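Novice: If you're matching positions, the sequence shown starts at 3 in my numbering and goes up one per residue.
It should be emphasised that the hints constitute simulated quantities derived from the structure, not laboratory data.
Note that the structure is a prediction, hence the values are computed from the model and not measured.
The reader is advised that the hints may include incorrect statements.
[What the hints assert, rightly or not] Only pairs whose alpha carbons sit at most 27 Å apart, straight line, appear in this in silico BS3-like list of lysine-lysine:
| no. | residue 1 | residue 2 |
| --- | --- | --- |
| 1 | Lys396 | Lys133 |
| 2 | Lys175 | Lys164 |
| 3 | Lys210 | Lys53 |
| 4 | Lys164 | Lys214 |
| 5 | Lys408 | Lys396 |
| 6 | Lys321 | Lys262 |
| 7 | Lys133 | Lys309 |
| 8 | Lys103 | Lys310 |
| 9 | Lys210 | Lys164 |
| 10 | Lys133 | Lys175 |
| 11 | Lys309 | Lys262 |
| 12 | Lys309 | Lys290 |
| 13 | Lys321 | Lys290 |
| 14 | Lys104 | Lys164 |
| 15 | Lys103 | Lys287 |
| 16 | Lys321 | Lys287 |
| 17 | Lys321 | Lys310 |
| 18 | Lys104 | Lys287 |
| 19 | Lys262 | Lys214 |
| 20 | Lys287 | Lys309 |
| 21 | Lys104 | Lys373 |
| 22 | Lys262 | Lys287 |
| 23 | Lys299 | Lys262 |
| 24 | Lys321 | Lys104 |
| 25 | Lys310 | Lys293 |
| 26 | Lys408 | Lys133 |
| 27 | Lys175 | Lys214 |
| 28 | Lys299 | Lys287 |
| 29 | Lys53 | Lys214 |
| 30 | Lys290 | Lys103 |
| 31 | Lys408 | Lys214 |
| 32 | Lys53 | Lys373 |
| 33 | Lys310 | Lys287 |
| 34 | Lys408 | Lys373 |
| 35 | Lys309 | Lys293 |
| 36 | Lys321 | Lys309 |
| 37 | Lys396 | Lys293 |
| 38 | Lys299 | Lys310 |
| 39 | Lys103 | Lys293 |
| 40 | Lys53 | Lys408 |
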Amino acid sequence: MAWTISLLCITWALSVQSAPIDERRHRVLLVSFDGFRWDYDRDVDTPNLDKMAADGVKAQYVTPPYLTITSPTHFTLLTGRYIENHGVIHNMWFNTTTQEKKPYYQTQFVNQWWDNGSLPIWITAQRQGLKAGSIHFPGTAASYNGEVASIQEVEPLLYNYKNETAWRENTDKVMSWFRDQDLDFVSMYFGEPDGTGHRYGPDSPQIKEMVKQVDRTVGYIRHMAEQRGLTDSLNIIITSDHGMSNVYRNGLVEEITLSKIPGFSFRDLSFHIVDFGPSGMLLPKPGKLEKVYTALKNAHPHLHVYKKEEMPEHLHFAKNDRILPIILWSDPGYVINGYFPVQFHNGEHGFDNQEMDMKPFFRAVGPSFHKNLEVGPFETVNIYSLMCHILGIKPEVNDGHLDNVKHMLVTSTTERGIQVNVLQNTFTGVAAVAGFLVVVFVLMTSHAVIKNKRKKDKTSENSKQIPETEFTKQTSF
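All chains should be modelled from the sequences, with the hints used to inform the complete structure.
Specialist: Below you can see the structure in the form of structure tokens.
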């Protein structure tokens with residue numbers, strides 16, 4: 003009996019030692035506002051973004067990977083990999099043999115463009131027992147090894163990315179996913195202020211109005227999280243894929259037009275991607291690489307030309323078969339034209355990721371984050387590790403590191419969405435073991451006392467029975 007009780011005590015002690023102190027689940031909502039530059043809120047009244055910073059964490063700015071365009075940089079957020087490693091190297095799917103190109107929206111549905119070895123966080127989460135969803139986020143429409151997010155929604159063709167009413171409807175939808183369908187992770191995408199920045203430029207009155215709309219939406223997201231009772235479990239991370247820079251035209255600068263460069267000819271190319279802002283890639287015909295490279299190198303003071311194998315290391319844009327042999331990009335203010343100028347945007351992105359105009363913003367709030375903390379710059383490749391840590395899942399191989407962002411988090415570890423305070427847990431475990439030892443001591447002592455008492459009682463009984471037997475015998479005799 004004593005050993006049975008002891009065994010139960012041991013089981014109880016071990017269970018207490020491993021039990022979490024705080025059983026709240028820690029969920030994550032990742033929100034991207036496309037093209038929100040790090041300083042857009044500086045000269046605009048943004049009370050909701052300001053309150054989010056006071057209630058949580060604000061980064062001075064974050065650095066996206068190169069190439070600083072929508073699909074590649076968003077897939078870095080989802081995978082924690084540089085673009086050369088995850089392979090989504092452009093907004094546009096292309097085939098150099100057939101000369102075929104697909105625009106941004108159609109490329110969303112080309113599985114092999116996205117599914118080439120790197121898994122988005124929603125697949126990793128689901129494989130480890132969590133539930134995930136995605137709405138409008140680049141990469142949502144594709145499947146990965148046949149798997150998709152358990153709840154997904156892709157915007158229709160010709161979608162109006164500016165519609166604030168739709169923004170609120172999507173927010174309501176996402177909050178119901180968390181509350182009613184018990185999701186742990188959702189990625190959510192808004193197509194602004196990118197469109198406004200392209201059309202009017204990053205310093206325009208129109209961009210300031212759009213920033214106010216973004217701010218209202220941030221306030222609505224947090225309000226609805228509170229209304230649905232999610233404040234104590236939901237961590238909201240809001241960031242962007244890239245910034246935006248003004249484009250110089252109307253005789254202000256000497257524009258870059260490849261066809262006008264002496265010694266260069268499109269006839270020497272098998273395939274090219276130009277007329278897409280400030281970046282481009284070229285595939286020379288066999289034997290023409292040196293000729294093309296020599297003609298373009300130093301042809302314009304604001305045009306950068308590199309062979310793939312000579313790309314600057316900090317760009318991490320070389321070690322992938324999809325990247326073409328010659329890579330071009332221009333300085334801020336300039337775009338790369340092919341045969342003649344066909345680009346008329348007043349704002350552009352796609353420049354070197356070290357340019358300040360390419361830096362996005364970052365805010366985070368929730369039970370996992372410190373309050374009223376401003377941190378220095380970091381690369382967006384680290385956000386993946388941060389989210390995996392909060393969710394308590396084991397990350398896939400990635401290029402980021404939790405050490406670069408863990409100072410934003412409160413002192414705790416997260417395991418399967420359960421926050422466990424290590425110090426408290428250790429103390430509880432020690433206390434449980436000590437209590438167990440006390441219980442065992444009391445039980446063993448009590449057992450010994452009872453055993454001795456029974457022995458004495460038995461001896462006493464025997465001593466009484468012996469004389470009685472002798473007396474009976476004597477009487478009979």
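Novice: Next, verify each hint and record whether it holds.
Specialist: Structure-based check of all given hints:
| no. | hint | verdict |
| --- | --- | --- |
| 1 | Lys396 to Lys133 | 15 Å, holds |
| 2 | Lys175 to Lys164 | 18 Å, holds |
| 3 | Lys210 to Lys53 | 19 Å, holds |
| 4 | Lys164 to Lys214 | 12 Å, holds |
| 5 | Lys408 to Lys396 | 16 Å, holds |
| 6 | Lys321 to Lys262 | 31 Å, violated |
| 7 | Lys133 to Lys309 | 43 Å, violated |
| 8 | Lys103 to Lys310 | 21 Å, holds |
| 9 | Lys210 to Lys164 | 14 Å, holds |
| 10 | Lys133 to Lys175 | 16 Å, holds |
| 11 | Lys309 to Lys262 | 21 Å, holds |
| 12 | Lys309 to Lys290 | 13 Å, holds |
| 13 | Lys321 to Lys290 | 21 Å, holds |
| 14 | Lys104 to Lys164 | 24 Å, holds |
| 15 | Lys103 to Lys287 | 19 Å, holds |
| 16 | Lys321 to Lys287 | 21 Å, holds |
| 17 | Lys321 to Lys310 | 8 Å, holds |
| 18 | Lys104 to Lys287 | 22 Å, holds |
| 19 | Lys262 to Lys214 | 42 Å, violated |
| 20 | Lys287 to Lys309 | 14 Å, holds |
| 21 | Lys104 to Lys373 | 44 Å, violated |
| 22 | Lys262 to Lys287 | 20 Å, holds |
| 23 | Lys299 to Lys262 | 14 Å, holds |
| 24 | Lys321 to Lys104 | 23 Å, holds |
| 25 | Lys310 to Lys293 | 15 Å, holds |
| 26 | Lys408 to Lys133 | 24 Å, holds |
| 27 | Lys175 to Lys214 | 22 Å, holds |
| 28 | Lys299 to Lys287 | 18 Å, holds |
| 29 | Lys53 to Lys214 | 14 Å, holds |
| 30 | Lys290 to Lys103 | 23 Å, holds |
| 31 | Lys408 to Lys214 | 30 Å, violated |
| 32 | Lys53 to Lys373 | 10 Å, holds |
| 33 | Lys310 to Lys287 | 15 Å, holds |
| 34 | Lys408 to Lys373 | 14 Å, holds |
| 35 | Lys309 to Lys293 | 12 Å, holds |
| 36 | Lys321 to Lys309 | 12 Å, holds |
| 37 | Lys396 to Lys293 | 48 Å, violated |
| 38 | Lys299 to Lys310 | 13 Å, holds |
| 39 | Lys103 to Lys293 | 26 Å, holds |
| 40 | Lys53 to Lys408 | 22 Å, holds |
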